[in-house]
Amino acid sequence: MQVDLSSNYFELFALQEKFEIDEVQLVRRFRELQRMTHPDKFASASDAEKRWSVQAAAHINSAEQTLSKPLSRAIYLLQRRDVDLAVETDTRMAPEFLMMQMELRESIESLETAADPYTAAQAARKEVDQHIEQTSEAFRISFQLEELSTAREKAREWQFLDKLLAEIRDTEERLDSDY
Amino acid sequence: MAYSDKVLDHYENPRNVGTMDKDDPNVGTGMVGAPACGDVMRLQIKVNDDGIIEDAKFKTYGCGSAIASSSLVTEMVKGKTIDEVEQIRNKDIADELALPPVKIHCSVLAEDAIAAAIADIKAKQSDKNPEKVA
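So the protein lines, in turn, are chains A and B. Residue numbers 1 to 179, in our numbering, belong to the letters of the first sequence in order. Residue numbers 1 to 134, in our numbering, belong to the letters of the second sequence in order.
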């Protein structure tokens with residue numbers, strides 16, 4: 001089997017181009033591709049072949065990273081449809097969504113001074129997890145129905161929620177290191 | 001990444017942090033967000049009967065540059081008319097704070113927050129004086 005560097009990430013892993021993927025297949029094919037491009041295999045190869053193996057390994061790694069995480073997979077699916085998230089330039093979001101973000105941020109900010117910060121952090125994490133679950137499901141459905149502008153909106157909201165989750169994790173780590 | 005002195009100053013001593021009553025007919029509220037970093041910014045302006053912005057408040061969750069951009073904006077808009085404030089561009093904010101290229105989007109956020117706050121106050125004013133709407 002050959003590794004075609006011009007193939008898209010889904011083709012590379014022999015996966016159907018959709019949001020739900022066969023994760024077992026992803027892992028299996030990833031290992032296979034890693035073996036095929038491993039530097040040991042190219043020890044006595046020509047310089048050109050060595051260069052190719054390095055490029056192929058990089059392509060395979062970024063493909064795996066993109067497809068294994070649901071949010072980056074969602075963004076990649078949209079990119080393949082020429083849908084630009086404009087994450088830095090388009091700042092318009094639904095007011096209710098931004099309001100909710102403000103409130104969640106406020107509660108995260110007050111975690112460390114809460115009477116029981118661990119429980120408060122856990123509760124905040126659970127709330128954000130629920131929002132992420134709803135948002136990813138809404139993405140899945142709208143993408144499947146080819147409602148790309150809704151899918152774009154959901155992926156943009158998901159990005160905010162993903163940052164919130166990271167923020168909560170940071171807070172939890174700080175709590176752990178303080179005690 | 002190193003922040004400029006001006007960013008640090010606004011970050012450490014943010015001006016005009018707070019909230020105004022969003023239902024006040026003289027208060028315009030603008031909320032915007034940047035998915036890239038998950039930043040959320042709320043800018044409020046209070047416009048008096050002469051059309052002058054007499055007060056501004058902000059609340060921003062985000063990096064130092066986003067906080068500095070919104071803090072600076074509250075200072076820039078005070079005492080100006082809506083027409084004058086509409087002329088503020090993200091470049092003015094980025095230049096003033098010496099933002100590096102990777103943080104330019106924070107100033108974009110601040111410019112968009114001004115636009116959103118103005119749109120809100122204009123909508124309220126046209127509700128108040130429907131005959132003025134062309």
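Simulated from the structure, these hints should not be mistaken for laboratory data. Where a beta carbon is used, it is the ideal one built from N, C-alpha and C, also for glycine. Warning: the hint list may mix true and false statements.
What the hints assert, rightly or not - Far from chain A, some chain B residues (derived; all Cβ distances over 10 Å):
no.	residue
1	Glu12
2	Arg15
3	Asn16
4	Met31
5	Val32
6	Ala36
7	Asp49
8	Asp55
9	Asp83
10	Asp92
11	Ala98
12	His105
13	Asp112
14	Ala116
15	Ala123
16	Lys124
Said to hold, decoys possible - Selected chain B positions facing chain A (in silico; Cβ < 7 Å):
no.	residue
17	Tyr11
18	Pro25
19	Val40
20	Gly64
21	Gly79
22	Pro100
23	Val102
Taking the hints in turn, this is what the structure says about them:
| no. | hint | verdict |
| --- | --- | --- |
| 1 | Glu12 | holds (17 Å) |
| 2 | Arg15 | holds (19 Å) |
| 3 | Asn16 | holds (17 Å) |
| 4 | Met31 | violated (4 Å) |
| 5 | Val32 | violated (4 Å) |
| 6 | Ala36 | violated (4 Å) |
| 7 | Asp49 | holds (27 Å) |
| 8 | Asp55 | holds (20 Å) |
| 9 | Asp83 | holds (22 Å) |
| 10 | Asp92 | holds (17 Å) |
| 11 | Ala98 | holds (19 Å) |
| 12 | His105 | violated (4 Å) |
| 13 | Asp112 | violated (4 Å) |
| 14 | Ala116 | violated (8 Å) |
| 15 | Ala123 | holds (12 Å) |
| 16 | Lys124 | holds (15 Å) |
| 17 | Tyr11 | violated (15 Å) |
| 18 | Pro25 | violated (18 Å) |
| 19 | Val40 | holds (5 Å) |
| 20 | Gly64 | violated (15 Å) |
| 21 | Gly79 | violated (26 Å) |
| 22 | Pro100 | violated (14 Å) |
| 23 | Val102 | violated (10 Å) |
Violated hints, in rising order: 4, 5, 6, 12, 13, 14, 17, 18, 20, 21, 22, 23; the structure is consistent with all others.
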